[in-house]
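Colleague: Chain by chain, the residues:
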Amino acid sequence: GQSLEQPSEVTAVEGAIVQINCTYQTSGFYGLSWYQQHDGGAPTFLSYNALDGLEETGRFSSFLSRSDSYGYLLLQELQMKDSASYFCAVRDRAAGNKLTFGGGTRVLVKP
Amino acid sequence: KAGVTQTPRYLIKTRGQQVTLSCSPISGHRSVSWYQQTPGQGLQFLFEYFSETQRNKGNFPGRFSGRQFSNSRSEMNVSTLELGDSALYLCASSLEIVGQGRLNEQFFGPGTRLTVL
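Chains A and B are the protein sequences, given in the same order. For the first sequence, the residue numbers in my numbering are 65 to 175. For the second sequence, the residue numbers in my numbering are 1001 to 1117.
Hints may contain errors.
Stated by the list, open to error - Label-pair restraints from in silico Cβ distances:
#, chain 1, residue 1, chain 2, residue 2, range
1, A, Thr121, B, Arg1030, 18 to 28 Å
2, B, Thr1005, A, Glu141, 33 to 43 Å
3, A, Arg157, B, Phe1060, 13 to 23 Å
4, A, Arg157, B, Gln1044, 38 to 48 Å
5, B, Gln1041, A, Ser129, 36 to 46 Å
6, B, Ser1086, A, Leu138, 28 to 38 Å
7, A, Glu120, B, Thr1080, 42 to 52 Å
8, B, Arg1073, A, Ser131, 40 to 50 Å
9, B, Arg1030, A, Ala114, 13 to 23 Å
10, B, Leu1011, A, Ser131, 38 to 48 Å
11, A, Arg157, B, Arg1015, 31 to 41 Å
12, B, Thr1053, A, Gln140, 41 to 51 Å
13, A, Gly117, B, Gly1016, 49 to 59 Å
14, B, Thr1014, A, Gly122, 42 to 52 Å
To be verified - In silico DMTMM-like links for lysine to aspartate or glutamate, alpha-carbon gap of 25 Å or less:
#, chain 1, residue 1, chain 2, residue 2
15, A, Lys162, B, Glu1052
16, A, Lys174, A, Glu141
17, A, Lys162, B, Glu1096
18, A, Lys145, A, Asp103
19, B, Lys1013, B, Glu1082
20, A, Lys162, B, Glu1075
21, A, Lys162, B, Glu1105
22, A, Lys174, A, Asp103
23, B, Lys1013, B, Glu1075
24, B, Lys1057, A, Glu120
25, A, Lys174, A, Glu73
26, A, Lys145, B, Glu1105
27, B, Lys1013, A, Asp103
28, A, Lys145, A, Glu119
29, A, Lys174, A, Glu78
Stated by the list, open to error - Some chain B residues well away from chain A (every beta-carbon gap over 10 Å; in silico):
#, residue
30, Pro1008
31, Ser1027
32, His1029
33, Arg1063
34, Leu1090
35, Leu1095
No lab work stands behind these hints: they were computed from the structure. In this text the structure is predicted, and so the values were computed from the model without any measurement. Just so you know, even glycine gets a beta-carbon here, dropped at the ideal spot from N, CA and C.
Make a model of the complete structure from these sequences and hints.
Modeller: What follows is the structure in structure tokens.
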């Protein structure tokens, strides 16, 4: 089976940096994905880490360490529009390749 | 390219009734997945279809069922509705179902908000 743990909520001010951790328990998976969801909206894809290391996409970066069963999403130069929920997800080989999401982290950006 | 569409957007039903939700994936996408989202449980996987075949199923009772048509459009059905079935039901499509890489990127529709009274 698999389980993905994320902090439930993070608060930060504009311009700050936020790191959202995702720890997982699974015997094998394809990669770690991150999705963003604004209130009332649908989740949208942010990033995908197939291999260990850092992937950078503009102000957002994502990191994966398979040996530590750990990944994170880094939000830099926070803007008010970054207030949203962020979900990590894996496609777990041991669970028939089902895509499983973490519980989500609500990020609140304050002026 | 048009995005994923879901109908209806909002639905109110009473306990014991049944409901059918529809999803049209992005053109060319053959994989369709369904999720239930509630404030307390987050995004819960319901099922996944690829080329009309159910490839994966989540831990939901048999009242929840689905199917995919030859044009990749998908429907899910919930019979004998319960109060706890009130949720946002999201459909997502992707190019492929298994493997590594960006082909697994899920494109979500706006969801159907189901309220069971």
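Colleague: I'd like to know which numbered hints this structure contradicts. Please list them from smallest to largest.
Modeller: 4, 5, 24 and 34
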